[in-house]
Every structure is written in structure tokens, then in C-alpha cells.
Amino acid sequence: MAQTGTTGDKVFRTVLFITAAIIVVIMAAMIFMMVWNSLPTIKTFGLNFLIGREWKPAESVFGALPFIYGTIVSSVIALIISVPLSLGIAIFLVEQAPKKIATPIAFMVELLAAIPSVVYGLWGIFVLAPFVRDYLGVFLEKYLGWLPLFQGRLTGIGMLTGGIILALMITPIITAVVRDILEVVPTQQREAALALGATKWETTQIVLGNAASGIAGAVILGLGRALGETMAVTMVIGNSPQISASLFEPAYTIASVLAANFAEATDELYLSALIEIGLVLFLVTFVVNAFAKLLVSRVGKRMHA
Amino acid sequence: MIFTVVLGLACSGQPLGQSNGSTSTGGGEIRLQGSGASFPKPIYEKWVNEYGKINPNIKIDYQSTGSGAGQKAIISKTADFGASDDPMSDEDLKDTGLLHIPTVLGAVVLTYNLPVLKEPLKLSPEVISDIYLGKIKRWNAEQIRKDNPNVNLPDTEISPIYRADSSGTTAVFTDFLSKTVSEWKEKVGADKQPSWITGVGVGAKGNDGVMGQVKNIPNSIGYVEIAFAKANNLPTALIRNKAGEFVEANLDNISAAAAGSVAEMPEDMRVQITNADGASAYPISSYTYILVHRDQSDAAKGKALTDFLWWAIHDGEKFTKDLHYASLPDEVVKKAEAKINSMTGGGKPLRQ
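Just so you know, the protein sequences line up as chains A and B, in that order. Take the first sequence: its position 137, counted from the start at 1, is 137 in our numbering, and no numbers get skipped. Take the second sequence: its position 28, counted from the start at 1, is 28 in our numbering, and no numbers get skipped.
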């Protein structure tokens, strides 16, 4: 091998530095462009943009709270359904299932992740929405109807259906990542636990504990997709900018309102308002990720203590 | 002279085919790009296809991006022609030098998901307004029963469906309600994307989105362009017109609405013909327009465009019926002819 000396190292380091710098530049450019283009609404509405509940483009009134609410609540519903489900699948695949069963199931999970979101949306309209309207919603109304969450107009199109479709979309991602994480937990740990007389259940608890930060990362990955998912949600959530306690009622997410209106936003203030809620989505994702990182590091510290 | 230009280009090493498009007269292929309203897409595609058969050297591409986007595209000249159901506002039109050429007529229909009904529902503007304002909540409400005395209306909650995106269809629908119901005008108004009452109904994107929701939500009602309802075999309501008659949305009644409003058509042809005069006029009818710049910077393209428009409002009209559009009344064709004849390319008239 020819000697490259320190010059080679310098070039190598510079190239690496540039690649790393590019991501910072892209990020800064994005934030700058979004802030710059949303200046008209920032100036006009200030903080009222974030807490306003009225969204009336015809009257140039823009309050983004219903969209922020819709985005967060639909994603939370998705996580509540998806996290236990994904953990269950992943633990089963790694800890319990014989290879013969695990391989085809794992393959199917990966296949689900590859389905385009518009297909989920179609399925949502034709299968899930009628199911929610005729069975799930009726059931919830009957037994949990005393909660304001399950009162109101049950059309099958609304927050609940949106949340469920999101759950189905993020489950394969969370499952696949958690499975990979569980697989890299050293076998010796399991063997040691079993040798000490731990049951299968106790062993799994130990494995999960050691994988906790990775699992949290997987959940955040899923949440990221849920926050930004557009097409499937637009098709089933009802696209109505309102804040209602009922999960049966239509809602609206940031990604949906952007997708539905960008092409037609001819007015400067309207365009600015759309860009600003794009910025809000960006910040919400940012905060969620930062929070998750904090959570992961705390769990990690506790584990090591 | 031409020789020197060719020589000059050849010497500069630039491929001739990629030179300025405006020189592509005689034998060369001309491409026209249109974009805008989704409502006339089926007829425009048919026209483009038929016109291409007789003029193989002219390639026209139409993208349905929505009326608002069509207006934006023609103002910024990213398209050679725009298309819009909703005439442009005075403010947007000012100093743009744009012409409105009406092409066909269509209608917005109210379609509903009530399989128990055998006969079409009769709806007055007041009832439609109250449904979308959230004041009438159930199908067997007094106000609906009054107009439909012999219909067995179910005791179920109404789910109104509206367009969540900005749309020409909404503009026509809300224009009709604003003209007929003062409370609607006050609370919602007429716009491509008006201020819907919060908490009423479900929003959907596009005519097909509304169609999909109406098909899938029992007891729902939505408004779409007539062609979408016909294609999906969904029922359409009879709407009470200015003369007090409940009329069906069919081609004759849409033409009647156009005929009833011909006298009111202004010089620049921008007009909403909702709530038109005439006993058989369907009240939620509308023109759809192609938007072009009066002065075409590229004479060859301009010539192709004017020829196509001329063909469309004459020979093209024979394709309208099958696709559920009504043809323009003769008086309107005359006016549109004058508009097309007024188009110029580099200061010279394009049609002699």
C-alpha cells in the first residue's frame, strides 16, 4: 500500500467535515427560508397564530391550533395502539417464535412498511371507516360513551380513524427496529438470566431493560412518521379545522392542510400562513425528538447506575 | 437572411432544434401547455385528443391542477392557457391583459347517500344553506319534509360533506347560496374556499374526494360537478330555482340557465349564472373558462392556440353531450368568437 502521509489524512478529514457541514447548512437554510417566508403572518398574527382556533382563508384569519391539536392527538392515538402491538410482535419474533414462523412474519412486517400511504388511505376509506362506524365506534359509544372522547357524530371519518390508520402505518417500522435491537442484545445475558433460574418472562424483562434506549428510539422513529404522514390521514380524518373532545369528530392535521391547499394558495398571506404551519410542524417534530433523546439518555443513565 | 441566421446558429455550435421556439413555424411541432380547473378535464382531454388527430403537429397537454392554480399559472405565464370555473376577480385581472373564453357549461349537483329513497329529493336553497350551517341536523326535519311531502325521510343525522381545498365547484355552489340566502352570505359567503362553519360536516379534497365520502358515509350529502355524480350513478337532488320550480340537473336545464342569463353577460364574459331566470333553468349552473393572454408573445404558439380555441367552441361542442357538459348558447359563441379574433401575436391579429 502506497504511503499517503499526512496529506491523505488532511484530505480525508476535510471531506468528512464537508459532508457533515452540508447537513448543518441544509438545516439552517430550511429554517431560514421557512421563517423568512412566514414573516408576513408572523408579523400580522404573532403568537395568536399558534393559539388561534379560527382558520378562515377567505377572511385572512389564520389560527393554527386546530391543526397542531389534530397532529398531536392523532399521533398519540397511533402510539397508544402501535407501541404495545409492535413490542409484542418484536418480542414474539425474537424471544419466542421458532425460526419457521418468525421468518415469514418478519417478512410480512417488512412488506407492510413498503405499502404506499395512499393505499393505506384507500383501505381506510373503504374498510376501516365503515368498520369504525358500524362496529368499533358503536362498541366504544356503548361501553365508554360516558367519556366525552366517545360521544358525538359517528360517521367513521374522524380523529379515531385517522389515529388507527397511523397506528397501522407505524407499526411495521417500530416492529422492525425493535426486532433488530432485541437481536443484538447478547445471548449471554439471556443464558445468564436463565442459568440463575429466571423464567422466560423475567428474562424478557431483563432483555427489554437493556434495550430500552433503543426501543425508545424506535418509537420516536414511528412518531416521526405519524406526525408527518399526509395522504392516508387526509383521506380519513375529515379535514375539518376544529378542536373537539370527541375522537369521532373530524379533525385536521398540519400535513393534511398543507397537502390540500398548497397548489391553490394564491394569496400572499395565505401562502405565508401555510409555510408558517410547516415551520410549526418542523418545530413540533424537533421538540418531540429532543424530548425523546432526553428520555433515552435518562433511561440509559438509570440502567448503568 | 434566414440563411445567415441558420449559419450563425450552426457556427455557434447550438443544435438547431433547441433554438428559440418562436421560429418553429411550418412543419415544426408546436407544444401548448394548459393547466387549471379539474371540472372540465374530461372534455378538454377529449378535445386535445380529437384535435390532435386532425392537427398532428400540435401537441396540447392539459393538467388539472385546480382553478386557483390555473389562474396563477396563466398570470405567471408558466402555462400557455389557464382554465378556471370561477371568473377571475377584478383585482387579480387588473393589468394582466387576460381574456376569459367560455368553453362549456356545467352544473354543481347535490348528491346524497340515502338508499331508502326511491324518488329524487327536492331541496330549496334555504334547506341546503341550513344543512351546511348546521341548523338542520336530521333528514326528517320539518323544513325538508315540507318540500318532500310524500317521501319517507329517515330519522337519521345528516353528514354534510364539503371541499376542504380551494375549488371552483365550491365557488359556484356558495355563489348560488349567497345570492339566495342572506344568512349564508353573512356567515359563509361566496368563495373558492369560504369560511365554513366550524364543527359542521366533513371536508374532502377534490370532486372525487367528496364523491368517495358521500358513497361511503350513510346519510351524507355533498356537492360535486354533475359529471362526477353521473359517472358514479349517484342520485342528484332537484333544486328550487328563481322561478320557484324544483328542477333536475340535466343538459337542457343547464342550457336554459345559460339562455336565461345571456342578456346579463358583460363585455368581458365574466359571469356567474347561478340562480338564473327561466322556469326550467337549473340554478347551480356555471360556465367554465379558458384564460389566455390577449397578446401572445410567441406568434406561432398564439396562432395554434387561437385555432384550437376556435375549433373547440365550434366543432368541439359536438363532444360535450356524452360527457355531461352543455354547449354554449349561440349568442355566447358569437361573443367568444370576437374575443378569439381580438387576440394578437406580436401586435398582429392571429386570425384573419
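Each hint should be verified, as a subset may be incorrect.
[Said to hold, decoys possible] List time: in silico DSS-like cross-link candidates among lysine-lysine, alpha-carbon distance up to 27 angstroms:
| no. | chain 1 | residue 1 | chain 2 | residue 2 |
| --- | --- | --- | --- | --- |
| 1 | B | Lys318 | B | Lys179 |
| 2 | B | Lys321 | A | Lys56 |
| 3 | B | Lys348 | A | Lys56 |
| 4 | B | Lys335 | B | Lys46 |
| 5 | B | Lys179 | B | Lys135 |
| 6 | A | Lys56 | B | Lys230 |
| 7 | B | Lys348 | B | Lys303 |
| 8 | B | Lys242 | B | Lys321 |
| 9 | B | Lys53 | B | Lys41 |
| 10 | A | Lys43 | A | Lys56 |
| 11 | B | Lys146 | B | Lys185 |
| 12 | A | Lys56 | B | Lys59 |
| 13 | B | Lys321 | B | Lys59 |
| 14 | B | Lys137 | A | Lys142 |
| 15 | B | Lys335 | A | Lys56 |
| 16 | B | Lys230 | B | Lys46 |
| 17 | B | Lys135 | A | Lys56 |
| 18 | B | Lys321 | B | Lys348 |
| 19 | B | Lys348 | B | Lys335 |
| 20 | B | Lys137 | B | Lys179 |
| 21 | B | Lys318 | B | Lys41 |
Hints in this document: simulated from the structure, not taken from any laboratory.
Query - Violated hints, by number in ascending order, as checked against the structure - result: When the structure is compared with the hints, numbers 1, 2, 3, 6, 12, 15 and 18 turn out to be violated.
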